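The hints should help you fit chain B onto chain A, whose structure is shown.
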Amino acid sequence: MSATTKPSSAKASQADSPPRSYGLIAEFETPAQIMKAAERVRDSGYKWWDCCTPFPVHGLDKAMGIRQTILPIIVFFMGMAGTCAAFVLQSFTNASDWTVWAGVWVTGYPFLISGKPFMSLPAFIPVMFELTILFAALSTFGLMFAFNGLPQLYHPLFRNKRFRRATDDRFFIVIEARDPHYFKARTWEFLESLDPIAIEEVED
Amino acid sequence: MTTMNVNTKVRSGETDNTQDVPGSRAPLVLNMNKFNQVTQQVCQVAEARRTPMAWYITFAIGLGLLSLLGFCIVYLIVTGVGVWGLNNPVMWAYDITNFVFWVGIGHAGTLISAILFLFRQKWRTGINRFAEAMTIFAVMCAGIFPGIHVGRVWVVYWLFPLPNQMEMWPQFRSPLLWDVFAVGTYFTVSLLFWFTGLVPDLATMRDRAKGKIQQIAYGAFSLGWRGSNRHWHRYERAYLLLAALSTPLVLSVHSVVSFDFATSQLPGWHTTIFPPYFVAGAIFSGFAMVVTLAIPAREMFGLKNLITLRHLDNMNKVILLTGCMVGYAYSMEFFIAWYSGAIYEKFAFINRAFGQYWWAYFLMVSCNVITPQLFWFKAIRTSIPIMFALSLLVNVGMWFERFVIIVTSLANDFLPFLMGRVHAHLGRHRNLLREFRSLPGDVHAVLSLPPDDRHRRSEGGHARGGSAFR
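In order, the protein sequence lines correspond to chains A and B. FYI, the numbering for the first sequence is 930 to 1133, going by the working numbering. FYI, the numbering for the second sequence is 110 to 579, going by the working numbering.
Hints were generated in silico from the structure; no laboratory data involved. Bear in mind that the values here come from a model prediction, so they are computed numbers and not experimental data. A couple of the hints might just be wrong.
To be verified - Some residues of chain B that are not near chain A, with every Cβ distance over 10 Å (derived):
# : residue
1 : 129
2 : 262
3 : 287
4 : 338
5 : 365
6 : 443
7 : 482
8 : 483
Stated by the list, open to error - Here are the in silico distance ranges between beta carbons for each label pair:
#  : chain 1 : residue 1 : chain 2 : residue 2 : range
9  : B       : 264       : A       : 1030      : 51 to 57 Å
10 : B       : 471       : A       : 1028      : 56 to 62 Å
11 : A       : 1075      : B       : 262       : 54 to 60 Å
12 : A       : 1075      : B       : 494       : 47 to 53 Å
13 : B       : 321       : A       : 1028      : 33 to 39 Å
14 : A       : 1082      : B       : 494       : 46 to 52 Å
15 : A       : 972       : B       : 319       : 37 to 43 Å
16 : A       : 1039      : B       : 266       : 29 to 35 Å
17 : B       : 130       : A       : 1126      : 54 to 60 Å
18 : B       : 323       : A       : 1028      : 42 to 48 Å
19 : B       : 447       : A       : 987       : 41 to 47 Å
20 : B       : 142       : A       : 1129      : 58 to 64 Å
21 : A       : 1027      : B       : 259       : 26 to 32 Å
22 : A       : 1001      : B       : 230       : 54 to 60 Å
Cβ coordinates follow ideal geometry from the N, Cα and C atoms, glycine included.
Just chain A, same shape as in the assembly:
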C-alpha cells in the first residue's frame, strides 16, 4: 500500500512486471450474509483480512474474532491524569509560593480570599472534574483514530469503483495478498464458496 503508486506509473510498469496485488474483495448484499461469510474466513485461518461495512454490524466483531480494544483502559488512566493535573495546577497557583520551571519560570501565589484555607479541596473539585473529562475525551478521540491508523488519506481500496458502495449499502470482505495463506486462485475459489455477488482483485 505504498502511497507513491500512481495510476499512470502502474500502467507503465505493466509492461515489465504485472502490478502488485493488494488482495481480493468480495461483495455481499446484507449484514446477515457477511456475518456468515466472516465466520468462515475467520475459521479458515486468514490473518490479514477485514470486513468493510457502511455501518457497524452487531456481532461482526465476534464473527471476525476481533479482540477487545484496550482503549477504555488507557482512557481511564488519561482521565486520572487529568484529575491530578487539575489538582496540581490549582494547588500550585493558589496555595503555594513555589517557583518552578514549566516552560518559563512561574511562581505560585497563596491566594487569601474571604479567609478560606489556601488548600480548599472542595472548591477545587469542579475544575478537577472538568479536566478529567477533557483529558479522557481528548485521548478517546486521538487514540481511537491513532490505533485505527487514521488519518490515512490514501488506500488501495479507494481506487476500486465497486468498493465505493462500502460506505453506502454494500458489505465487503477483503483478504490481503500479504496473508501467508493467500494464493490468488485458491483464495478466489474460497471467496466464491462464500456466495458473494461479486469478487474483484484490487491492485496495490
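Same frame as chain A, but now just chain B:
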C-alpha cells in the same frame, strides 16, 4: 427493514406513525426498504443541483442578524457595558441571561447524542447530528457573552491560568472560573463527539462526490475512513466512551453555571435546588429549540421520512416532562422561601412574582409551566403548526426565566438608596430594545448552518442506526 406499520395513517401530508402496536417495534424511517434509499434521501440535500430559494432567504436573514450582532458588539466594546443598561446593583442582566440561555439550549444536543445513546433510544439517530451541530453553535453563542461582558475584552486572557508578567493567577475558588473550565471542556467535547460521529458520514459523501473540490474536501475531513470493521470496533468503543463522558459533563456544566448564582449569598440566588433545576430547564429549552429547527428543516429538505412525526411526538413528550420539572422547581422555590423563615428570601420571591418585574415573571410562568401542559393532548403533540408555535413560546419563556432569576434578585438591594435606583433602572429600559437586538444575532449562527451541515444528521441515522431498521 421497514414495513408500514399497521396503524400508520396519512393525514394532510403527514404520516402518523405515533401508534404503538404491541409486539412490534415502531419503524425508525418511513417508506424505505433499502439501505441505499436512506443514503440517497440524506445526500440529495447536499448534492442537489440547486439550493432551495428558502435556504437563501433564511441565510440572508441570518446573515443580516449576524451583522447586527457584530455591530452591537463593536458598539458595546467601544462604549462600555453601560449600553446594556447595567447599573449598580444590576451589574448582570442581558449578558449573563444570554449566556445561561444559550448554554442551556446546547444541552439538548448532548442529551440527544449522549444520554439517549446510553439509554439505547434508537430514534435519536434521525435527529442527533443536527442537534449536536446546534449544541456547538449554541455554545459558541454562549461563549460570546462572558467574553464581552468583562468590559475590557483585551484582557480576557486573564480568565485562563497563563503565566504572565504580573505573576498573577486566576482564583480557583470562584465559580466564575469553574465556568471557564466547564464551558471550555463542554465545547471541546461536543466538537469531538460531533466530529467523531461525522467521520463515516463524510466518507459516504466522499465516495459519492462528483466534483474535484468536493472529493478533496470530503476526503480530507473523512480522514480516510473506509468502513473497516476493525476500525468500527474501536470506533464504537470510543463513541460509547464519549457518550459516557458527555453525560456527566452535560449535567456538570449547567450545575456549574448555576453555581455562579447558588454559591453567592444573594436572596433569590442562594438555593440548593439550582443545579438540578437549571439542568431540567436547559433540557426543556434545548428540546424546544430542536423542534424549532427540525420542523423547517424537514419541510424544506424533504426529510419527513427520516424525522417522522414519531420523533417530534417523542421530543414533545420530553418537553412536557421537563416543563413539569421546571414548574415543580418554581413552586418548590416559593415553598422553601416561606419555609426557611428568612425574611429576605421571602421578600425576594414575593417581589419576583409581584414586584416591578411581574410582567417578566408572568411571561416565564405562562410560557414554561402552562404552555407545555398542552402537550398532554396527542392532537397537539402531533400538530406541526401548534408544536412549532409552542416551541417558540418555550424558548421565550426560558429566556425570561434566566432574566427573572438574574435581574429580580439583583435589582432589590438592601440599601435604601439603591432601592431608589431600581426605579431609575426601570426608566432605563429604553435600552431594552437594543439588548434584544443582540439576541437574534446569535440565532443567525444556527440558521446559517451551510446546507450540507443541516442534514448530515440523518446520515447518522443511516450509519449508526443500521441495526435498528434492519
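Cross-check of the supplied hints:
No beta-carbon of chain A is positioned within 10 Å of the beta-carbon of residue 129 of chain B; the least distance is around 24 Å. With a least beta-carbon separation of about 23 Å from chain A, residue 262 of chain B lies farther than 10 Å from that chain, consistent with its non-interface assignment. The claim that residue 287 of chain B lies off the interface is violated: its Cβ sits roughly 4 Å from the closest Cβ of chain A, which falls inside the 10 Å cut-off. The non-interface label for residue 338 of chain B is inconsistent with chain A: the shortest C-beta to C-beta separation is roughly 4 Å, within 10 Å.
Not every C-beta of chain A lies more than 10 Å from that of residue 365 of chain B, the closest at about 6 Å, which undercuts listing it as non-interface. Every CB of chain A is more than 10 Å from the CB of residue 443 of chain B (nearest about 28 Å), matching its label as outside the interface. With a cut of 10 Å on Cβ distances, residue 482 of chain B stays outside the contact zone with chain A, its closest approach being about 35 Å. At the 10 Å boundary, the C-beta of residue 483 of chain B stays outside the reach of chain A, the nearest C-beta of that chain being 37 Å off.
For residue 264 of chain B and residue 1030 of chain A, the Cβ-Cβ distance of about 26 Å falls outside the hinted range of 51 to 57 Å, so the restraint is violated. At about 58 Å, the CB distance of residue 471 of chain B to residue 1028 of chain A agrees with the hint of 56 to 62 Å. Against the hinted window of 54 to 60 Å, the Cβ-Cβ separation of residue 1075 of chain A and residue 262 of chain B comes to about 37 Å, which falls outside the hint. The hint said 47 to 53 Å for the Cβ distance between residue 1075 of chain A and residue 494 of chain B, and at roughly 49 Å that hint holds.
A hinted range of 33 to 39 Å for the beta carbons of residue 321 of chain B and residue 1028 of chain A is inconsistent with their spacing of about 56 Å. Checked against the hint of 46 to 52 Å, the pair residue 1082 of chain A and residue 494 of chain B passes, with Cβ atoms roughly 47 Å apart. Taken as a hint, the range 37 to 43 Å holds for the pair residue 972 of chain A and residue 319 of chain B, whose Cβ atoms sit roughly 41 Å apart. Checked against the given bound of 29 to 35 Å, the beta carbons of residue 1039 of chain A and residue 266 of chain B, roughly 23 Å apart, lie outside it.
A beta carbon spacing of about 34 Å between residue 130 of chain B and residue 1126 of chain A contradicts the range 54 to 60 Å that was offered as a hint. One distance hint, 42 to 48 Å for the beta-carbon pair residue 323 of chain B and residue 1028 of chain A, is violated here, with the actual separation near 54 Å. At roughly 54 Å, the beta-carbon separation of residue 447 of chain B and residue 987 of chain A lies outside the given 41 to 47 Å, and the hint is violated. Distance hint for residue 142 of chain B and residue 1129 of chain A: a CB-CB separation of about 27 Å, inconsistent with the stated range 58 to 64 Å.
For residue 1027 of chain A paired with residue 259 of chain B, a C-beta distance near 29 Å keeps the hint of 26 to 32 Å intact. A beta carbon spacing of about 23 Å between residue 1001 of chain A and residue 230 of chain B contradicts the range 54 to 60 Å that was offered as a hint.
Checked against the numbered hints given earlier, the structure breaks hints 3, 4, 5, 9, 11, 13, 16, 17, 18, 19, 20, 22 and satisfies all the rest.
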